[in-house]
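> Residues per chain, in single letters:
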Amino acid sequence: AQSVTQPDIHITVSEGASLELRCNYSYGATPYLFWYVQSPGQGLQLLLKYFSGDTLVQGIKGFEAEFKRSQSSFNLRKPSVHWSDAAEYFCAVGARFGNDMRFGAGTRLTVKP
Amino acid sequence: DTGVSQDPRHKITKRGQNVTFRCDPISEHNRLYWYRQTLGQGPEFLTYFQNEAQLEKSRLLSDRFSAERPKGSFSTLEIQRTEQGDSAMYLCASSLGETGGEREAFFGQGTRLTVV
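Protein chains in written order, with our numbering: chain E, 1446 to 1558; chain F, 3 to 118.
Isolated chain E (complex conformation):
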């Protein structure tokens, strides 16, 4: 069965520092992988997605993620965090958008001034 694990429930970083959010997945075939961000009271916004090809994926807002098949990981990174990045981040895996997509429990990011 497919599943997603986000090991860090809560992360705090200083503004301007680098960020890495971890995501490990379990999937029986070649996965489609996604990172979404959710601000308080808002819906989910897609940051980036991986379907195939280059394993380093660039997204919006300066985020990137790297697919590592050998480690079953799809970690999200940003070189310099801004205060507006404070939010909840969700990793998801599936064969396609929607009915076959499974989300992790999320990582809450706090940014210190």
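Because the hints were derived from the structure by calculation, they are not lab data.
Since we're looking at a predicted model, the values are computed, not measured.
Note that the Cβ used here is the ideal one computed from N, Cα and C, for glycine as well.
Heads up, some of the hints might be wrong.
Facing chain F, from chain E, some residues (calculated, C-beta under 7 angstroms) [claimed, not checked]:
| hint | residue |
| --- | --- |
| 1 | 1487 |
| 2 | 1535 |
| 3 | 1548 |
| 4 | 1550 |
With chain E fixed as given, assemble chain F onto it according to the hints.
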């Protein structure tokens, strides 16, 4: 605003009452999804429509839950005889499905249900 809209944003109801939520997808999107998100968890898939056809329902969708998408436009999610365990954020998303792959699913802001 041309995004996915959900109504109401918040609903407080007494246990045992029925509630209905509405989702208006992006106009050209043929696929519509409902998810439930409880505190501290990621969204869980509930059901999925392609146009007006409900193609899949999760086992999470008990017989107290029903969803419709008449005419393939807006969708409603009804919960009958609400229970405290139904308290959650109900998220709707839509996408433009196409042969050979799907485009991004866009999420609404959700309806937060509190059952007291």
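> Now tell me, hint by hint, if it's right for this structure.
For each hint, the structure was consulted:
1. 1487: 6 angstroms, holds
2. 1535: 5 angstroms, holds
3. 1548: 3 angstroms, holds
4. 1550: With Cβ-Cβ at 5 angstroms, under 7 angstroms, it holds.
When the structure is compared with the earlier hints, no violation turns up for any of them.
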